[in-house]
Amino acid sequence: MKPVPVVTLWWMLLLVPRLGATRKIFPEEASFYYGTFPLGFSWGVGSSAFQTEGAWDQDGKGASIWDAFTHSGKGKVLGDETADVACNGYYKVQEDIILLRELHVNHYRFSLSWPRILPTGIRTDQVNQEGIKFYSDFIDALLKSNVTPIVTLHHWDLPQLLQVKYGGWQNVSMANYFSDYANLCFEAFGDRVKHWVTFSDPRTMAEKGYETGRHAPGLKLRGTGLYKAAHHIIKAHAQAWHSYHHTWRSKQQGLVGISLNCDWGEPVDISNPKDIEAAERYLQFCLGWFANPIYAGDYPQVMKEHIGRKSAEQGLEMSRLPVFSLQEKSYIKGTSDFLGLGHFTTRYITGKNYPSRQGPSYQNDRDLIELVDPNWPDLGSKWLYSVPWGFRRLLNFAQTQYGDPPIYVMENGASQKSHCTQLCDKWRIQYLKGYINEMLKAIKDGANIKGYTSWSLLDKFEWEKGYADRYGFYYVEFNNRNKPRYPKASVHYYKKIVTANGFPNPREVKSWYFEALETCSINSQMLAAEPLRSHMQMATEIAVPTVCSLCVLIAAVLLMLLLQRQS
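For reference, each letter of the sequence shown is one residue, going -21 to -1, 1 to 546 in mature numbering (1 follows the signal peptide of the UniProt record, and there is no 0).
Don't take every hint at face value.
Listed next, the in silico BS3-like pairs over lysine-lysine satisfying Cα-Cα at most 27 Å (straight line) [claimed, not checked]:
#1 Lys489 to Lys405
#2 Lys199 to Lys312
#3 Lys123 to Lys173
#4 Lys412 to Lys199
#5 Lys207 to Lys331
#6 Lys361 to Lys55
#7 Lys429 to Lys412
#8 Lys144 to Lys173
#9 Lys207 to Lys123
#10 Lys412 to Lys361
#11 Lys412 to Lys312
#12 Lys474 to Lys308
#13 Lys230 to Lys312
#14 Lys53 to Lys71
#15 Lys230 to Lys253
#16 Lys199 to Lys444
#17 Lys361 to Lys53
#18 Lys429 to Lys312
The following label-pair restraints were derived from C-beta to C-beta distances [said to hold, decoys possible]:
#19 Asp59 to Leu538: 47 to 55 Å
#20 His221 to Glu296: 49 to 57 Å
#21 Asp116 to Lys405: 35 to 43 Å
#22 His83 to Asp36: 31 to 39 Å
#23 Arg486 to Pro334: 53 to 61 Å
The hints are simulated quantities; they were obtained by calculation from the structure and are not laboratory data.
Note that the Cβ used here is the ideal one computed from N, Cα and C, for glycine as well.
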């Protein structure tokens, strides 16, 4: 009997039903599952500092690589937009906490701005006490509203000085600077923060920042820069985890993990071993790249083999994928108290051999092609299709691959193009309903999922897309300098899921949809009236000072006339 490859067995296991009733082969035909999440399941929303705060140079904040990237112009960001003001979140903390209370969420995931706390990025240079106070007050305000803070230490906005002086994540010294920064945060906020995320989606940070150059710092070090950056990020994560474990854990009793984003990769033909191997390779180059060192001590074997072989064919003496020493493998393995997962969509995967002579690149190293099904719902974004069944498969893959870790979903959501400004976001409601239900199925399968963070609280600055894509539950009017927020229909729907802790029964869930659409029509009228209100406000801001000045002038003239008469 011919042996079945291990990778093939893995994909066959994913097709085995584990939710009671017999599951059909085609995931598109899977039925909706009514039920509730485990007691204590944590519901939340998220954001990041650079995308929302604004106040880019206020109160002692230093410049980040994204400040430098966006200020350089040259078409790097759509419309040459910047995040200098963004959502003006730095000045609207209390207002945004009211929105969190309105959503009834249990937690809020946000990031700290490294250059707001350490303007140069180096602790021994200067600690910005105003930055420390801002985040300390924000954490206190969240807790006062019974919202648990989940805090990300680094969400892409590296202090610019560390990039200029040391080359950023190309330099291994970043691990020490990051550890110093992390320790300062543990010391300042750890008495109240019990969930820490070291890095958010480091794969994108490395690939787009050091491979394609589409993100800050904008380097195009093909086939080398991203692997080097990732290597140092993994070391920095491990160092921060060990610092917390040895110095702070006994006093603060918190958890430290990492958040990794990955789409699901489904074989085009599940009976074709080459497609199955390509789909497995896709996941290992995406999720395994960072998760495998943390959970198993080293890079996935398939990455080492593919990159090593292609490096040799390109005439290199050593692999372009860096190597961990035995000591480093031991040091890195086990450095996560939970696995944070970000997920948005799915791709079909088939194999393709890229000749090594084409030159080194991450895409060529993987030897695969990503495809989409034209029948998948298109949400208006070039890359994001609604494919809920892929979410369940990714969660089950992570649960099996990494030894049943506690999982927190840290990012999941759908974008909308800015030209569509309606607040009745039916498509987002359908996305939420489908993806959250697949997460519930994954829990019933046995995945140890502790919480879910929907992305995101607000429309915000979306990196190289500027303000073109909108992920928020709340619509932000960026053309108004006050950046007012308006709730979309999805606010009402998500709030109902949170309050019910799932999907109790068909009748109730159906009613949520119609109630949500009713609320959005009123909010849409408010948004439609926004230009008139803005003009009135502008007119008032001009007219009132002018009238006041005239009154003062007239009073002065009358007083002079009166004094002349008396004399």
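Hint-by-hint comparison with the structure:
Taken as a hint, the Lys489 and Lys405 pair is honoured in the structure, with Cα atoms around 13 Å apart against an allowance of 27 Å. For the given pair, Lys199 sits about 30 Å from Lys312 by alpha-carbon distance, which is inconsistent with the 27 Å threshold. Using a Cα cut-off of 27 Å, the hinted pair Lys123 and Lys173 holds, with the two alpha carbons roughly 15 Å apart. Note on Lys412 and Lys199: the hinted pairing is violated, with a Cα-Cα distance of about 39 Å set against a maximum of 27 Å.
As the CA atoms of Lys207 and Lys331 are separated by approximately 25 Å, the hinted pair is consistent with the 27 Å bound. Pair hint Lys361 plus Lys55 holds up; C-alpha atoms about 18 Å apart against a cutoff of 27 Å. Between the alpha carbons of Lys429 and Lys412 the distance comes to roughly 18 Å, so the proposed pair stays at or under 27 Å and holds. Taking the CA atoms of Lys144 and Lys173, the gap is near 33 Å; set against the 27 Å cutoff, the hint is violated.
Simply put, Lys207 and Lys123 have alpha-carbon atoms about 42 Å apart, too far for the 27 Å limit, and the pair is violated. The straight-line distance between the Cα atoms of Lys412 and Lys361 is roughly 22 Å, inside the 27 Å bound, and the hint therefore holds. At roughly 36 Å between alpha-carbon atoms, Lys412 and Lys312 are farther apart than 27 Å, so this suggested pair is violated. The straight-line distance between the Cα atoms of Lys474 and Lys308 is roughly 43 Å, outside the 27 Å bound, and the hint therefore fails.
Among the hinted pairs, Lys230 with Lys312 is consistent with the structure: their alpha-carbon atoms are about 23 Å apart, no more than 27 Å. Note on Lys53 and Lys71: the hinted pairing is violated, with a Cα-Cα distance of about 31 Å set against a maximum of 27 Å. Proposed proximity of Lys230 and Lys253 is contradicted: the alpha carbons are some 51 Å apart, above 27 Å. Of the supplied pair hints, the one linking Lys199 and Lys444 holds, its CA atoms being roughly 19 Å apart against a limit of 27 Å.
Distance restraint check for Lys361 and Lys53: the Cα-Cα separation of roughly 23 Å lies within the 27 Å cut-off, and the hinted pair is therefore satisfied. The suggested pairing of Lys429 with Lys312 holds, with an alpha-carbon distance near 22 Å, which does not exceed 27 Å. One distance hint, 47 to 55 Å for the beta-carbon pair Asp59 and Leu538, holds here, with the actual separation near 52 Å. Between His221 and Glu296 the CB atoms are about 33 Å apart, so this pair departs from the stated range of 49 to 57 Å.
Between Asp116 and Lys405 the beta carbon distance is about 38 Å. The supplied range of 35 to 43 Å therefore holds. The hinted range of 31 to 39 Å is satisfied by His83 and Asp36, whose Cβ atoms lie roughly 36 Å apart. The hinted window of 53 to 61 Å between Arg486 and Pro334 holds, with their beta carbons roughly 59 Å apart.
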